[in-house]
Amino acid sequence: MQQFGIWIDNEEQASASGRYFESLDPATGKVWSRVAAGGKADVERAVASAWRAFEEPAWFDMEPSARRRLLLAIAARIQQNRHQLAETESNDSGKLLRECLLHVDAMAEWFEYFAGMTDKVCGSTIPSDRGVFNYTTLEPYGVVGAIVPGNSPLLLSTWKLAPALAAGNTVVMKPSEYTSASILILMRLLKDILPPGVVNIVTGDGVEAGAALVDHPDVRKIFFTGGPAHGAAVAAGSGRRLAPSILELGGKSANIVFDDAIYDKALAGVMAGVFAASGQTCMAGSRVLVQETIFDRFLNDIRERTKAIVVGHPADAATQVGPLGNRKQLDRVASLVEGALAEGARIAAGGHRARVEGFEGGYYFQPTILMDVTNDTAICREEIFGPVMTVMPFSTAEEALKIANRSDFGLVAGLWTSDLYRAHSLSRSLDVGTIFLNLYRKVAPQTPFGGRKASGFGRENGFAVMGEYLQVKSVLVDTDAERVQDPFVMRVGSSR
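Okay, so the sequence shown: first residue is 1 according to the numbering used here, each after it adds one.
If you are wondering where the hints come from, they were derived from the structure by calculation, not from laboratory data. Bear in mind that the values here come from a model prediction, so they are computed numbers and not experimental data. Idealized CB from N, CA, C, for every residue including glycine. Hints are not guaranteed to be accurate.
[To be verified] Within a straight-line C-alpha distance of at most 20 Å, the following computed DMTMM-like cross-link-like pairs (lysine to aspartate or glutamate) qualify: (1) K40 - E11; (2) K120 - E63; (3) K191 - D9; (4) K442 - D205; (5) K442 - D264; (6) K40 - E56; (7) K328 - D205; (8) K328 - E360; (9) K402 - E360; (10) K40 - D9; (11) K328 - D316.
[Said to hold, decoys possible] FRET-style restraints, in silico, Cβ to Cβ: (12) T136 - A76: 27 to 37 Å; (13) S335 - S418: 31 to 41 Å; (14) R406 - A464: 23 to 33 Å; (15) D376 - A464: 44 to 54 Å; (16) A232 - S429: 35 to 45 Å; (17) K120 - I435: 21 to 31 Å; (18) S418 - V477: 52 to 62 Å; (19) P487 - S429: 53 to 63 Å; (20) R98 - A76: 18 to 28 Å.
Kindly generate the complete structure, drawing on both the sequences and the hints.
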């Protein structure tokens, strides 16, 4: 059985308590590793280590070209060890091995992209009065905190690490207690690349390790990905000490299919929006809205395709849907489906826990379609985080827009239509952060990602995210050696 410690000063070590928790393989339900249970004392040490690293001239004054080479070295090391990282992630999270391999490749791409940012972000000179030179600089915050969820730990940790390091910050990260192993494997691989203290990892649960990180007075900003309830707690905790936070939270996204859509493309895209990653993605298009003129045909076809989905072990190349990440999530998905049935929904496909021969202890759930629901049904309002879609008809674009926007969330939406005028019109009106037009579940390092309403605030990825990891400093220089300022009057605007 493998064992993992916390990571401070480029050394893997036991937590202050000496305690460990068990990590279960979602595919089997069996213990496969032990992980150190970190807490407040460990966060204190990690933050102190990160500040020491930040204040070292070798890091703080590192030239952009050197920082770029460091990030490129990280990307290369990731690619060299893609199979080890992917296999660990699959064991720990239950994600399909082939998707984990794609995620590892994407990690390298993210570090390469942000390596190019090290000399691209810059301040500006500002037109000012004669005799005053006004300019701005962009500076890192110092130590930032990052909290990542369990559904895609390696990729989502990269979304935070790559821009944070490109901007010159140091990082204390808390991974999900369900999926800590792959991030710790990554740190072992980067030991000879990253200076000590630049990235520290404190494993443990949110009550102890997570809260200690959010509440720490020396953590200048918190970056959180997770559910809305935990996100609200993070915002409140950091807000009490007047520290900013960036929240990428959940979704309840609508995937809207019009009768002029490319039919097979829409069918495949709707399935990808819900069943890929076993539905465990914040952007899951779990509210499927289908124009009534094609509703019966679409429902019948997607039902038959759903029944044919292969549920199995994530390392099996034939598997299309793997397990959920943990027993708690499996029970929650089952409970939401049961609740929907009690409200009058009917099962079109699936609806129950799945049995996988040889892996009966795993956390498998059948890909599920629920019909005869309304937007007021609880399962149409709450994020499911499982392979469950609800299917509802609509008649007009206006009705579809009304249904889609009537949600507490605002992360993404999908549109399937050949009418680009309608697509652009709806894109303007949909109250979400990202629109997928004739595709679904696509991210890229250059594309900003984030939500509205209960889906959070701030953006990850793209050029825009660098502004989240840098602070603006304004500098005003008096270039008139003969002018003496009135000591009792502030110079305002264009006043001399």
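Outcome of the hint check:
Between K40 and E11, the direct Cα distance comes to roughly 18 Å. Compliance with the 20 Å bound is thereby established for this hinted pair. Between K120 and E63, the direct Cα distance comes to roughly 13 Å. Compliance with the 20 Å bound is thereby established for this hinted pair. The hinted pair formed by K191 and D9 meets the criterion: a straight-line CA distance of about 10 Å does not exceed 20 Å. The hinted pair formed by K442 and D205 fails the criterion: a straight-line CA distance of about 30 Å is larger than 20 Å.
Between K442 and D264 the alpha-carbon distance is near 18 Å, which keeps this suggested pair within the 20 Å criterion. Distance check on the hinted pair: K40 and E56 sit about 25 Å apart at the alpha-carbon level, beyond 20 Å; violated. Restraint check: the Cα-Cα separation between K328 and D205 comes to about 15 Å, which is no more than 20 Å; the hinted pair holds. With a C-alpha separation of about 16 Å, the suggested pair K328 and E360 falls inside the 20 Å cut-off, and the hint holds.
A threshold of 20 Å between alpha carbons decides the hint, and for K402 with E360 the separation of about 43 Å lies outside it, so the pair is violated. The suggested pairing of K40 with D9 holds, with an alpha-carbon distance near 17 Å, which does not exceed 20 Å. In summary, the hint linking K328 to D316 is not supported, as the alpha carbons are separated by about 24 Å, beyond the 20 Å threshold. At roughly 34 Å, the beta carbons of T136 and A76 sit within the given window of 27 to 37 Å.
Between S335 and S418 the C-beta distance comes to about 39 Å, which sits within the given range of 31 to 41 Å. In this structure, R406 and A464 meet the distance hint of 23 to 33 Å, their C-beta atoms being roughly 28 Å apart. A beta carbon spacing of about 35 Å between D376 and A464 contradicts the range 44 to 54 Å that was offered as a hint. The given range of 35 to 45 Å is broken by A232 and S429, whose C-beta atoms sit roughly 27 Å from each other.
Distance hint check for K120 and I435: the Cβ-Cβ separation is about 27 Å, which falls inside the suggested range of 21 to 31 Å. Between S418 and V477 the beta carbons are some 58 Å apart, a value that agrees with the proposed interval 52 to 62 Å. In this structure, P487 and S429 meet the distance hint of 53 to 63 Å, their C-beta atoms being roughly 56 Å apart. A hinted range of 18 to 28 Å holds for the C-beta pair R98 and A76, which are about 22 Å apart.
Of the numbered hints stated above, those contradicted by the structure are hints 4, 6, 9, 11, 15, 16, listed in ascending order.
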